[in-house]
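*Asks:* Residue numbers (this note's numbering), protein chains in the order written: chain A, 427 to 680; chain B, 761 to 1011.
There's no promise every hint is true.
[Stated by the list, open to error] Coverage of chain A stretches by chain B, computed from C-beta distances (three or more under 8 Å per stretch; other residues unrestricted):
no., stretch
1, 459-467
2, 524-534
3, 538-548
4, 632-640
[Said to hold, decoys possible] SDA-like mimics (lysine to any residue), calculated; alpha carbons at most 25 Å apart, straight line:
no., chain 1, residue 1, chain 2, residue 2
5, A, Lys545, B, Asp911
6, B, Lys865, A, Leu585
7, A, Lys641, B, Asp911
8, A, Lys549, A, Arg652
By construction, these hints were calculated from the structure, which means they are not laboratory data.
Since this is a predicted model, take the numbers as computed values, not measurements.
The beta-carbon is built from N, C-alpha and C at its ideal position, and this holds for glycine as well.
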Amino acid sequence: MLDSTRSTSNLSYPAAEGWNLKPVTAFSSFCRSSIGKKFIVAATGVVLILFVVGHLLGNLQIFLGPDWVNGYAEHLRELGPLLWVIRAFLLVNVLLHIYFTISLAIENRRARPVSYKKKDYIKATFASRYMAMSGLIVLAFILYHLAHFTVRVTDPRFLLLKADPLNRYDVYSMMVYGFQNIFVSGFYILGMFLLALHLSHGTSSFFQSLGLNDKKLTPRLATAGRVFAWLIFIGYTSIPVAVLLHLVKPAQQL
Amino acid sequence: MNFKLKVWRQKDPKTKGKLVAYEATDVSPNMSFLEMLDVVNERLVARGEEPIAFDSDCREGICGTCSLTINGEAHGPDHPGAACEVYMRRFKDSATIVVEPFRAKPFPLIKDLVVDRGALDRIVQAGGFISARAGSAPEANSTLVPKHEADRAMEAAACIGCGACAAACPNASAMLFTAAKVSHLAFLPQGQPERTSRVLKMVTAMDAEGFGNCTNTYECEAVCPAQISASLIAKLNREYAIASLRRNAGE
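All chains should be built: construct the whole structure from the sequences, respecting the hints.
*Replies:* Right, dumping it as structure tokens:
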């Protein structure tokens, strides 16, 4: 409001200077802009949400018996090089999602060097304000989870498991033995709780970031996003809970 | 009514500021918040002390000059409305009220509760205008605007540029402001010739000023005295992505 021409000359606005940018420069300036970064975070987030849904559908086959889960795992292994392409694609998405989020978070911190002595939030949800925290704990969980079930280095008992009658990995028993440990299940449920918290904001948020939102859709998407996130939570946690309650028993004894 | 005030006092941009306690006694419940500050200031002047510096102009919620964060909420507890539209009856008697300026790096503090919001003006200067031939008003029906579009443009044009969106945002992002200014012209036929370059230039200006980034908390629309909807930020994102694609294609 005051003294509006104060520092105009000190600031350089790239877009105002070089309107006819070469395509490569134009794309990189998109990726460096606030909205471009949000776009990348949202787009990679969509990929990760689809993975979370797909992974859940795979896991829930534990309730259909060892044949289903072991067969599903075998199918994934049979993909061979394609499996590695998918893994690499997911890894790139995770890295981009984290890199741009951290870059945005650093800018956000710098944008308010003097904080309020008293600050009240009216509309911002807990989940929306602590996305970085929930995200980083979920990342820590994913690293442990990969070491546990994919690389299989945390539980020596997994090495003792024999192949199932069709000579496939006995993923079913591995899941059951893994979750019989109360601490493993506890960390898993905590990880899923924070994932659900992350998704309760993220699932509706990506529509806004990608510009696919409008006044009528916003509240509906917010509700749908929350319902989706907690369904994901129920779906994933049903497995350790069922194992701990002995509703699902291992297919082979160690 | 009586209140305990805790007001941010800071002599100049370089000095360190702090919250200072004041007693506001015999306040009429029908005073506006700014009138209450006027009374406190009169008593400070009578005692030979430096009055509290704060911004105000129209005092009827249309100019966007007042810029107080009252009890941690931009423009105080009475949303939607500017700080000048908050009445003392809104507070409990003998309550403690914390008064701080709008805080964001692009809003450098000048004194006490006064901040420089020139950053918002510079975003508008980067492209928030149309290049039209000056002169007498054209014939009213020469450019037809559907009622629906005119209404949507008017909703966005209601922004008074107070900066409460950036002040309330956990990230000090001014995206609601920029979204309102970009959308207002993008809805109208007069805004079409510069539609692509406008959004690119205004977003670049916004980023260059050092505002934070939107994380879709919608805290901005909760405090906006003009009730600008955060769905306009989705429109801004859309406009920016399409404009970037068009620039990539060399259009």
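*Asks:* Each hint should be assessed against the structure and marked as holding or not.
*Replies:* Status of each hint after checking the structure:
Check result for the stretch 459-467 of chain A against chain B: holds, 7 residues qualifying (beta carbon to beta carbon below 8 Å, three or more required). For the stretch 524-534 of chain A, the stated coverage by chain B is satisfied: 3 residues place a CB nearer than 8 Å to a CB of that chain, which reaches the threshold of 3. By the rule of at least three residues with a Cβ nearer than 8 Å to a Cβ of chain B, the coverage given for the stretch 538-548 of chain A holds, with 11 such residues. Coverage of the stretch 632-640 of chain A by chain B holds. Counting CB-CB distances below 8 Å, 8 residues qualify, and the rule asks for three or more.
This hinted pair does not check out: A:Lys545 and B:Asp911 have alpha carbons roughly 34 Å apart, beyond 25 Å. For a cut-off of 25 Å, the pair hint linking B:Lys865 to A:Leu585 is broken: about 56 Å separates their Cα positions. Simply put, A:Lys641 and B:Asp911 have alpha-carbon atoms about 14 Å apart, close enough for the 25 Å limit, and the pair holds. Taking the CA atoms of A:Lys549 and A:Arg652, the gap is near 15 Å; set against the 25 Å cutoff, the hint holds.
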